[in-house]
Amino acid sequence: MNYQTPLGRARGLGSAGQGSHEWWRQRVTSVALIPLTFWFACSIALLPGLEYEAVLNWIAAPWNSVLLLFFIILTTYHTLLGLQVVIEDYIHTPWVKILSLVGIRLVFYFLGLAAVYATLRIVFAD
Amino acid sequence: MFDTKSTMSERPLSPHLQIYRLPITAVLSITHRITGVILSAGLVLWAVFLMAVAAGEAQYASTQVVLDSTPGKLLLWAWIYALFFHLCHGIRHLVWDTVHGLERNTLNRDAYLEIGGSVLLTLMVFLFALLRS
Ligand code: HEM
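Sequence lines, in order, name chains U and Z.
FYI, the numbering for the first sequence is 149 to 274, going by our numbering.
FYI, the numbering for the second sequence is 808 to 940, going by our numbering.
Honestly, the hints are just simulated from the structure, not real lab data.
Note that this is a predicted model, so its numbers are computed, not measured.
Treat the hints with care, as some may be off.
[Said to hold, decoys possible] Partial pick of chain Z residues on the chain U-facing surface, computed with a CB cut under 10 Å:
{"id": "1", "residue": "GLY843"}
{"id": "2", "residue": "SER847"}
{"id": "3", "residue": "VAL906"}
[To be verified] Derived list of chain U stretches under chain Z, where covered just means 3 residues or more per stretch with a C-beta under 8 Å from a C-beta of chain Z:
{"id": "4", "stretch": "152-160"}
{"id": "5", "stretch": "172-183"}
{"id": "6", "stretch": "189-199"}
{"id": "7", "stretch": "207-214"}
{"id": "8", "stretch": "222-236"}
Note that beta-carbon positions come from the ideal geometry of N, C-alpha and C, so glycine has one too.
Can you make the complete structure from the sequences, with help from the hints?
Following this line, the structure appears as structure tokens:
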């Protein structure tokens, strides 16, 4: 029989071990974004005048489609984690902070969804 | 996440930005944050761009005019430079996380390497694009 109260057990153990996973995910997305950044920047720069046909063919090429989808998901995640830290650092009025944190989530989930949907539509259109 | 009243009191900011001249390391640090926010804003435009392509050739035409204009090109290359700067400083962050590269005598050197690297990468991609078009 254990007579320790929950508080008694928790005391002296340090933090609850929460929050470090967000730091980790920021690192994991960063590492993956290193090669993707080179791919994205070079690809965009090399599309002549960003003409319709060229852009379409670029997105529709199988590896590009997959890399683009991966890039969209990773940047959305990386950006959300990053902007959250910025907001937590500078906004100290509780209700403004909570609204901002919820706001960036809604905005970037929506944008990520739009980007994924657009990519799939381009890929499966022809 | 939740602040009590005490954290909202008028405490002095550190570093005191009006009396303390920021060293290069601090300037790069805040630039990494600023580029992060700029890149995030750029993602909004990239989503709009992809939706425009998905909408078809007719709709995309107006988007392409904007992208191919001088302001459009400037914006695109500014975003690409921000991306390379953020990448170079981000790589240093990842190295620091392994408890390397934090020595006093190499910090400033690495700072200049990082600036040079980001400029060089942008120029290389730019020249590459120029040669191909
Ligand atoms: C479009 C792409 C990207 C966007 C929109 C973006 C956005 C952001 C934002 C908003 C932050 C928060 C800034 C801060 O807390 O000071 C951040 C942090 C970070 N970014 Fe990115 N980023 C992108 C690409 C990359 C890449 C390619 C790397 C590669 C190394 C990277 C590495 C990092 C790291 C390590 C941090 C954490 C910095 C810290 O702990 O203070 N990011 N990013």
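- Message: So, as I understand it, the hint says Z/GLY843 touches chain U; can you test that by seeing if any CB pair is closer than 10 Å?
- Response: Given a least distance of 5 Å, the restraint on Z/GLY843 holds.
- According to a criterion of three or more residues whose C-beta lies within less than 8 Å of a C-beta of chain Z, is the stretch 207-214 of chain U covered? violated (count 1)
- Message: Under 8 Å between beta-carbons, do enough residues of the stretch 189-199 of chain U, three at least, approach chain Z for the coverage claim to hold?
- Response: holds (count 9)
- Message: If you count the residues of the stretch 172-183 of chain U with a beta-carbon closer than 8 Å to a beta-carbon of chain Z, do you get 3 or more?
- Response: holds (count 5)
- Message: How does the stretch 222-236 of chain U fare against chain Z when you require at least three residues with a CB closer than 8 Å, holds or violated?
- Response: Contact hint for the stretch 222-236 of chain U vs chain Z: holds, 7 residues under 8 Å.
- Hint status (Cβ of Z/VAL906 to nearest Cβ of chain U, threshold 10 Å): violated (14 Å)
- Message: A closest beta-carbon separation below 10 Å is what the hint needs, so does Z/SER847 meet it against chain U?
- Response: holds (5 Å)
- Item | Coverage claim, chain Z over the stretch 152-160 of chain U, checked by counting residues with Cβ within 8 Å (three needed) | violated (count 0)
Of the numbered hints given earlier, the model fails hints 3, 4, 7; all others are met.
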